[in-house]
Structures are given as structure tokens and as C-alpha cells.
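K.L.:
The primary structure of each chain is shown beneath.
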Amino acid sequence: MWEQIRSNQTRTIVLVATLGLVFLLLGYFLGMVFFGDAITGLAIAIVVWAVMNLIAYFQGDNILLAVSGARKISPDDHKRLYNVVEEMKIASGLEKMPDIYIIDDPAMNAFATGRDPNKAAIAVTSGLLQKLNRDELQGVVGHEIAHIKNRDVLLMAMCSVLLGTIVMLAWYGSRFLFYSGMGRTRRTTSTGRGGGGAQLIIMLVALVLMILAPIAAQLIYFAISRRREYLADASSALYTRYPEGLASALEKIALSTEELKTANRATAPMFIVNPFNRKMNELTSTHPPIAERVRILRSMAGASFADYDRAYREVKYDPKGIIRGATAAGAVPIRAPGTEKMDEIQQARETSDVMWRLSNYTTLTCACGTRLKLPPSFSSSQVRCPHCGRLNSV
Amino acid sequence: MIAVYIILGIIAILLIIFVSVYNGLVRLRNQVKNAWAQIDVQLKRRHDLIPNLVETVKGYMKFERETLEAVTRARNIAQQLPPTAGAGERAKVEGELSSALARLLAVVERYPDLKANQNFLALQEELTSTENKISFARQFYNDSVMKYNNQTQMVPSNIVAAMTGFKPGEFFEVTVAGEREAPKVSFS
Numbered sequence: 001m002w003e004q005i006r007s008n009q010t011r012t013i014v015l016v017a018t019l020g021l022v023f024l025l026l027g028y029f030l031g032m033v034f035f036g037d038a039i040t041g042l043a044i045a046i047v048v049w050a051v052m053n054l055i056a057y058f059q060g061d062n063i064l065l066a067v068s069g070a071r072k073i074s075p076d077d078h079k080r081l082y083n084v085v086e087e088m089k090i091a092s093g094l095e096k097m098p099d100i101y102i103i104d105d106p107a108m109n110a111f112a113t114g115r116d117p118n119k120a121a122i123a124v125t126s127g128l129l130q131k132l133n134r135d136e137l138q139g140v141v142g143h144e145i146a147h148i149k150n151r152d153v154l155l156m157a158m159c160s161v162l163l164g165t166i167v168m169l170a171w172y173g174s175r176f177l178f179y180s181g182m183g184r185t186r187r188t189t190s191t192g193r194g195g196g197g198a199q200l201i202i203m204l205v206a207l208v209l210m211i212l213a214p215i216a217a218q219l220i221y222f223a224i225s226r227r228r229e230y231l232a233d234a235s236s237a238l239y240t241r242y243p244e245g246l247a248s249a250l251e252k253i254a255l256s257t258e259e260l261k262t263a264n265r266a267t268a269p270m271f272i273v274n275p276f277n278r279k280m281n282e283l284t285s286t287h288p289p290i291a292e293r294v295r296i297l298r299s300m301a302g303a304s305f306a307d308y309d310r311a312y313r314e315v316k317y318d319p320k321g322i323i324r325g326a327t328a329a330g331a332v333p334i335r336a337p338g339t340e341k342m343d344e345i346q347q348a349r350e351t352s353d354v355m356w357r358l359s360n361y362t363t364l365t366c367a368c369g370t371r372l373k374l375p376p377s378f379s380s381s382q383v384r385c386p387h388c389g390r391l392n393s394v
Numbered sequence: 395m396i397a398v399y400i401i402l403g404i405i406a407i408l409l410i411i412f413v414s415v416y417n418g419l420v421r422l423r424n425q426v427k428n429a430w431a432q433i434d435v436q437l438k439r440r441h442d443l444i445p446n447l448v449e450t451v452k453g454y455m456k457f458e459r460e461t462l463e464a465v466t467r468a469r470n471i472a473q474q475l476p477p478t479a480g481a482g483e484r485a486k487v488e489g490e491l492s493s494a495l496a497r498l499l500a501v502v503e504r505y506p507d508l509k510a511n512q513n514f515l516a517l518q519e520e521l522t523s524t525e526n527k528i529s530f531a532r533q534f535y536n537d538s539v540m541k542y543n544n545q546t547q548m549v550p551s552n553i554v555a556a557m558t559g560f561k562p563g564e565f566f567e568v569t570v571a572g573e574r575e576a577p578k579v580s581f582s
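So the sequences go chain by chain: W and P.
In this text, residue positions in the first sequence follow my numbering: the first is 1, and each later residue adds one.
In this text, residue positions in the second sequence follow my numbering: the first is 395, and each later residue adds one.
Hints in this document: simulated from the structure, not taken from any laboratory.
Fair warning: this is a prediction, and the values are worked out from it, not measured in the lab.
The beta carbon of each residue, even a glycine, is placed where N, CA and C say it ideally should be.
Computed beta-carbon distance windows for the label pairs:
# : chain 1 : residue 1 : chain 2 : residue 2 : range
1 : P       : Arg467    : W       : Ile13     : 52 to 58 angstroms
2 : W       : Asn62     : P       : Arg497    : 48 to 54 angstroms
3 : P       : Ala479    : W       : Asn392    : 51 to 57 angstroms
4 : W       : Lys252    : P       : Tyr454    : 30 to 36 angstroms
5 : W       : Asp76     : P       : Glu463    : 29 to 35 angstroms
6 : P       : Val549    : W       : Ile46     : 40 to 46 angstroms
7 : W       : Arg298    : P       : Arg421    : 32 to 38 angstroms
8 : W       : Ser379    : P       : Arg459    : 52 to 58 angstroms
Computed cross-link-like contacts, DSBU-like style, restricted to lysine-lysine with a CA-CA straight-line distance of at most 35 angstroms:
#  : chain 1 : residue 1 : chain 2 : residue 2
9  : W       : Lys79     : W       : Lys373
10 : W       : Lys252    : W       : Lys72
11 : P       : Lys438    : P       : Lys509
12 : P       : Lys509    : P       : Lys486
13 : P       : Lys427    : W       : Lys96
14 : W       : Lys341    : P       : Lys486
15 : P       : Lys452    : W       : Lys341
16 : W       : Lys96     : P       : Lys541
17 : W       : Lys252    : W       : Lys316
18 : W       : Lys96     : P       : Lys486
19 : P       : Lys486    : P       : Lys541
20 : P       : Lys438    : W       : Lys341
21 : P       : Lys452    : W       : Lys79
22 : W       : Lys341    : P       : Lys456
23 : P       : Lys452    : P       : Lys438
24 : P       : Lys509    : W       : Lys79
25 : P       : Lys541    : W       : Lys79
26 : P       : Lys561    : P       : Lys541
27 : P       : Lys541    : W       : Lys119
28 : P       : Lys486    : P       : Lys561
29 : P       : Lys438    : W       : Lys96
30 : P       : Lys427    : W       : Lys79
Using the sequences and the hints given, assemble the complete structure.
P.N.:
See the structure below:
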């Protein structure tokens, strides 16, 4: 059952191969135009891509975590979050516990990074921690663990580097073409093959590619990203055996109006829901519409991939389904909801306490019950309680 | 001469297939072992938490001595089970502990003072999570066993399995009533 996901990746592979083909075509024709030699063009394109890949490979996680202002927590900082992550780690059979980060932001979102499942990290916003109950948090964390387990992080990082290279090559290519007077000077270096007509055709193809390649690449990239989101939803339902948890979390997230401050276009596909502009066209979005994801999750009859596939086909009227070959190898029943009641005020206090602590504030409890939070720059040895006026030693 | 080469070639190919199937079986068996170790860790954790829980709760619950004793007894039985016991036997004993624990945690509802106790709240989080971890570990273990068993029964890997002595794994099924659903650890 767990291996099925691997055998159903043919369409992802086709999409990635198409993306690679667009990239190679662009390199080929740019080479023809500028050097009269396709091989040089290909070589340059591949070198640029390799360099960008290396940077992404070695620095990707750190950059992502740094730009989103995420702070790493230890198990004792937030017991519930740590436990939920560990539960999902066990359910997915992941070998190593991922690092856990909290982003201090009222928006509700989460993401996973780590090209290697053994060096992964999960980040959630403080808004998410405050407003989700245990089952919902489990659904979201299950989705993120699925991204790690299915190696989506690596896949999406590679695709986005490919996309970035295509955009860059097309941009510089069009500038050069424009400023060198439509390549007139370069044509003399071509080794006499083909006449004016052939040159013109190559030129036209290159021009069309320079305009269309970035757009096509972007669309393919979005398509890959959306597929992986559906797969992660299906995996989360399977791990938790409770699709309603993720469905209700997604609903809460959709209703919240906050936008994540630290997200940008490059980091958008990493999050559980698109951090911007909720009314985007389906074709040009990294994520499927939330309402649809919720509907699929809610119409699941069991928790297996086959159940998800059936629900997907029903909701999307798409006979092809999303997880091909997902056979029902025995029913996987949905479990009963957790009975833990949620205390939103308690959760909010718990979460803000963690954020204070992570900013190195010290907490003092005065005899009257007031909790004083002292900034790390506080240097005096005594502090007066603003509530009852007692002097407390720091 | 050519015939000899062909025969040698066929033998080489068969050998390669044999080795790769064998390695696949070993990998699956190791996965089952690891999954079992995960369950074991969580069961031990639960055994360690229970004396603490009973100690914390005892002062508040004067009239629930029987429930408390049932938990302690079930825990001791589970702990004394030799490590060589099979999955089926262990599942039975641990299932009994689960239901005793669920009964105890259900009566907690009647003691509001207890729910204000910080120590108890921390224990409650640990226990809920440990119960969840046990059922998730069981989930993963059973899936691993199913995959491994399928592999030892299907052609052609069953031939390799029979030749090298791979035995089918045992499922960790909980048969105690009320444990089939999610752990009914009702805290509020």
C-alpha cells in the first residue's frame, strides 16, 4: 500500500520530462542563433542550470527557513506540536524526526523543507497552532510529512530551478537578440550551412521559444505542484486515518483573512495553502482550490489511496483519477474523531509563551499571579509588578 | 562452445534475480522489525508513564480504588511479559491495559480539581500522544507485515522465501472490545 505512490508517478515524470525538454529546446535554439552552433547553446544552458542547482541544493533549506523568519523549537517548547509531529513520523514510517520550526505570524500556514528525508524540517505558523485542534493539526502535519516522505521537496526544488533557468535564459536571450540588431553580426560566424531562409526559420523559432518557453514552463510547474498537493492530501488521510481533520483544518485556513507576511513567489509552492491571492485561476496556481480539496476529503468512504482516488474522480468528474493503480488492498476504515476539547485561549497563551521564550524573554510570576515578561536587554536586578506594586528580583 | 556460454549466461541471470529478490525480502523483513521496535518503544513509554499517573491521580480519586488497581495490575502483567512473546500475545495483554486506562481516564471527568493540576495536564498530553503513537505504530507495523507476507507468498519471490527460510510475520491485532476504534482517551 505504501509503495503505490511510487508506481503512480508516471504522470509527474512525464511533466518533469516535458519541462526538461522545453529547457533543452530553448538552449538548442539560443545556441543556433547566437553561436551558430546548437551544442554550445546546450552546454551553456546546462552549466547555468547546474550552478543554480548546486546553490539550491546546498543552501535551499537555510534560505527558505531564514527568509520566512522561522525559529527552531525543542521538544519541551511546545509539547503538543512536537508530539503530533512524532505521531505522524511514526505513522508514515519516516526514519528520522524532522526539525520543527515556528513562524511568528497570525496567518495560518505550514511548510516542509529538506531534500533528504533524513534532514527535513517542518515549519508552522503560530496562527495555525492557536486555531487548530489536535485532529486538525495532525492533518496538516500529516500533509507536510507526506511532502517529505514522497520527496516532493526535492522534486519541487529541482523543478523550480529548471523553471528559473528557463526564465533567465529566455530573458537574457531576448535582450541580446534585441540589442545585437536581431543577431546580424553573429550570423557571419555560422559555418555556412543553410541559406537565408533556414536562418530565418531558426530565428523565428528561437523568438517564439523565448516568448513561450517561460509561460509553458510556468504552467507545467504549476501542474506538477498541484498533483503533489493532491497526493500529499491523500497521504495525510492515510496516515491519520481521519480525512475530516485535514478537511476541517483547510476550511479554517481558507476562512482566515490574514496573509503571510514573509512568503514570496519563490517560496509559495512550499506551503500547505497558497499564501497569496486566493482567487487565482486554477491553471496558474501552485495549489488546487481549497474548496475542492475539502470536498474530496469529505467524500472519502475510507482512508486508503483507492478511496481518495474514487472521491477525486467523483468531485472532479475526471475519470483518470489522481492515483492510478490504487487498488483497494483491503478496506482502511476511518477512525473516530479525537475527544480532546480545544481551549482556544489556552492554546493562544501557550503559543505566545513559546514565542516570548524563543525571543529570549524571561518570564517571572509575581506573587499576585501576574506574569511579567522581561526582554533580554533588561539589566536591572529588580522589577516592580505593574499590577500590585511588589518588587520582584530578577 | 556457444551452448556453454548460453547456459552460463542463464545461470548468471538467474543468480542475479535470486540475489535481488532475496535482498528485497531482507529489506522488507527489516522494515517489519523496525516497525515492531517502534511499537515496543511506545509500549514501554506507556508502562513508564502509568505509575506516575496513578500517583498523581490517587489523591484526588478516593472512590475509584478499583479502577486504579485494574490499571496497575494490567500494567504489571504487560510489563512482565517476556520479550520473546509473539505479536498476538502482546497485543492481547496491551489491549487489556488500554481498556483499563480508558476506563480510568473516563472517570477523570468527575474530578474538576484534577483537571486544574498542571502535573496532571502534562501527563495527560503525554498519555494521549503515547496512545496515538501506539496506534500509528501498529498501523505502520501491520502494513509492513502485509507487504512482507505478500512478498513471501507471491510467485516468484515465494520460491526464494521458501528456499532461504523466510517465515510470514504476525499481525498486531487488538481484539479487546472498545479498542478497535481510536483510543478512547477522553480528556477535556
